[in-house]
Amino acid sequence: MSYEVPVAPGDKPHEIQFGGGGEHGFPLWEVFVRAKRGLNHTHVGSLHAPDAETAIQNARDGYTRRAEGVSVWVVPSIEIVASDDAESMFEPFEHKPYRHPTFYEIPEEVGQL
Amino acid sequence: MDASTEFENGQAKFDAIIAADEKIEPRDWMPDGYRKTVIRQMAQHAHSEVIGMQPEANWILRAPTLLRKAILIAKVQDEAGHGLYLYSATETLGVSRDELVGLLHEGKQKYSSIFNYPALSWADMGAIGWLVDGAAIVNQIVLQGTSYGPYSRAMVKICKEESFHARQGYSIMMALAEGSDEQKAMCQDALNRWWWPALMMFGPHDSESAHTAESMAWKIKRKTNDELRQMFIDQTVPQAHYLGMTIPDPDLVFDEETGHWTIGEIDWDEFWATIKGDGRLNRERITHKVKAWDEGRWVRDAATAYAAKQKMKPDKSA
Amino acid sequence: MTAVTTQNALATYVVRHADDNVVLGQRLAEYISRAPELEEDLAIGNLTLDHIGVADHLFTYAAKIDGCDLSGDDLVMFRSERDYTNLLLVEQRHDGFDDLIARQFLFDAYQLPFWEALSASNDETIAGIAQRAAKEARYHLRHSSMWMVRLGDGTPESHTRIQASIDRLWRFTSEMFETDALDREMVESGLGVDTSTLRETWESSVDAVLEEATLTRPQDSFQTSGGRSGMHTEYLGPMLAEMQWLQRSQPGMSW
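Protein chains in written order, with our numbering: chain D, 3 to 115; chain B, 65 to 382; chain S, 410 to 664.
Chain D extracted, bound-state conformation (with noise of 0.2 Å):
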């Protein structure tokens, strides 16, 4: 449900605390699952485990329940390195049309090219 739950009258909210207490607890992992043989393993969330072995099947046992996958991956979410700054990373790739096949016209005589 949004399960969303109301400020009660008089009810101050608890402010989160970034990065602040609770117990130290399992390591985070990244879980990836290959849906069927041919296709990319795709990132689908993540879970905490102790070690690689027990990832692996706790991967199983909560992200493919429904027979999602024929193969997982597990990989520490620390070890995730990720791009920064969209705007200079990515957009000048954006304004290069000629690397796309529709850019040419070519006449239909020519045929399959």
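I should point out that these hints are in silico values taken from the structure, not numbers from a laboratory. By construction, the Cβ of each residue, glycine as well, lies at the ideal position given by its N, Cα and C atoms. One should not assume that every hint holds.
No more than 30 Å apart at the CA atoms, straight line, and that leaves these computed lysine-lysine pairs for DSS-like [claimed, not checked]:
(1) B:100 with D:14
(2) B:224 with D:14
(3) S:544 with D:38
(4) B:100 with B:224
(5) D:14 with B:283
(6) D:98 with B:87
(7) D:38 with B:87
(8) D:38 with B:340
Under 7 Å between C-beta atoms, here's a sample of chain S residues computed to sit facing chain B [said to hold, decoys possible]:
(9) 454
(10) 560
(11) 564
(12) 600
Could you slot chains B and S onto chain D? The hints should help.
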């Protein structure tokens, strides 16, 4: 770039993404209020899934057939899974699951009040699936369009999985409605007890809801509490009639002009009391959860210790 | 309703193994929403569904071949404690994750070779159920072995606890390899498995895991049995009372 320029650029980009109906992703700049609201909503949603396992787990052992038992186990297990997906989505914003679970245990973060009502008969397994999950699905289908990417993706996955939850509930109700007088009475009794709490799940009226306007502007929420509640009522009343059951509301009428069912007034005192912790089972639900967590500590410690030992071994670099 | 029992020998044999699975499934179900971590709740849900699922298939088949007027669920819900023929091991209570894992591990190490052997049954339906169950059991054994090793070689507390659980449950293990007249009849007709031949496989997989887990194989040679003839410990009755209550309170209804 100084701080104020960075803020302005960030805000402008954020506004443009929201205006274009695109998704905000974890590493994007976002206003503090947005971050806090999304965390709060996702955490409450995750807690609700996990606490929501308890009323149904209560009936797994007494399920009348092996098939009904298996269905109920699969459903309760899905709730654990949905808790996992939602905690996972929340963690993309830099807050750990252990921290969130800690806040739940301390009563600093809440879960949906619906789970503070007791499941007293087998028919409640039907009513919970049909009404509680039914209400959840109405809400969650709309939430697939929420502006925070990981939340939206979790909702898509959850909606896909939950479509059987409401159906299995209604199928339990159908079996009872077609059964003995005792079974029919059980079915009506469950409807009587779960109808109003299910309507309360949508939250206070829009006029009383402090955060609705902001959440709508940020496209975290896509429909208001009253809109969603009305959708649920309109789809559910005919389903109750199909079962031959009576909705426990003497004021319920069909408005020919609007084409909607209108209901009597919700008992808002009960609603707020349950949120504030004075529902039938608020304390028991948390006690159950804390007990399981405390009793599992030695297991978590063992797994952590084992992993550390393996790392120290030169021949096992994995 | 008259006493609910099977008459046909094969049906009675199938029910034994269905009983093992329904009783263990019910025990595991008690633990749902109580696991040490969310991921483990999901794992235990899968174990439970596998055991309940195989039990359901076996009971349904037993009811069919018995030719009685009973359904699979009747066999589950209307047989009394003395008519249940499960192994004593699976009905043992767990006070925590230690007992749950130890019980699961000792049973998984037996179920895997059992289902593999039963996959060669002359009866096609039984062979089919066994083949599927063998795949499930392979994963169950992997899961329970993984936890045995982590608890055994984890902290001093976890080591002590899991060793105590193994010690406590050890006396119920020989029963898995006992055979009686019905077993022999089923073996001779090519329908069933001589479980006494599975002991060696069981011992070697148990020993290997205990060693990796730095645990000691219990020296106590005392063994107890009787489950196959309905002589149970005191734990089965209360479990059945809870499991069967709804059906027995309103018999003959559809649910």
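We went through each hint and held it up to the structure:
1. With a CA separation close to 14 Å, the supplied pair residue 100 of chain B and residue 14 of chain D stays within the 30 Å bound.
2. At most 30 Å may separate the alpha-carbon atoms for a hinted pair to count; residue 224 of chain B and residue 14 of chain D exceed this at roughly 35 Å.
3. Between residue 544 of chain S and residue 38 of chain D, the direct Cα distance comes to roughly 19 Å. Compliance with the 30 Å bound is thereby established for this hinted pair.
4. Among the hinted pairs, residue 100 of chain B with residue 224 of chain B is consistent with the structure: their alpha-carbon atoms are about 27 Å apart, no more than 30 Å.
5. As the CA atoms of residue 14 of chain D and residue 283 of chain B are separated by approximately 24 Å, the hinted pair is consistent with the 30 Å bound.
6. Pair hint residue 98 of chain D plus residue 87 of chain B holds up; C-alpha atoms about 25 Å apart against a cutoff of 30 Å.
7. Distance check on the hinted pair: residue 38 of chain D and residue 87 of chain B sit about 28 Å apart at the alpha-carbon level, within 30 Å; holds.
8. A C-alpha spacing of about 48 Å is found between residue 38 of chain D and residue 340 of chain B, which places the hinted pair above 30 Å, so the restraint is violated.
9. Nearest Cβ of chain B to the Cβ of residue 454 of chain S: about 3 Å, under the 7 Å cut. The hint holds.
10. Look at residue 560 of chain S: its Cβ gets to within about 5 Å of chain B, closer than 7 Å, so that hint holds up.
11. The closest approach between the C-beta of residue 564 of chain S and any C-beta of chain B is roughly 5 Å, which is under the 7 Å cut-off, so the hint is satisfied.
12. The criterion of a C-beta within 7 Å of any C-beta in chain B is not met by residue 600 of chain S, whose closest approach is roughly 23 Å, and the hint is violated.
Violated hints for the displayed structure, listed by number in ascending order: 2, 8 and 12.
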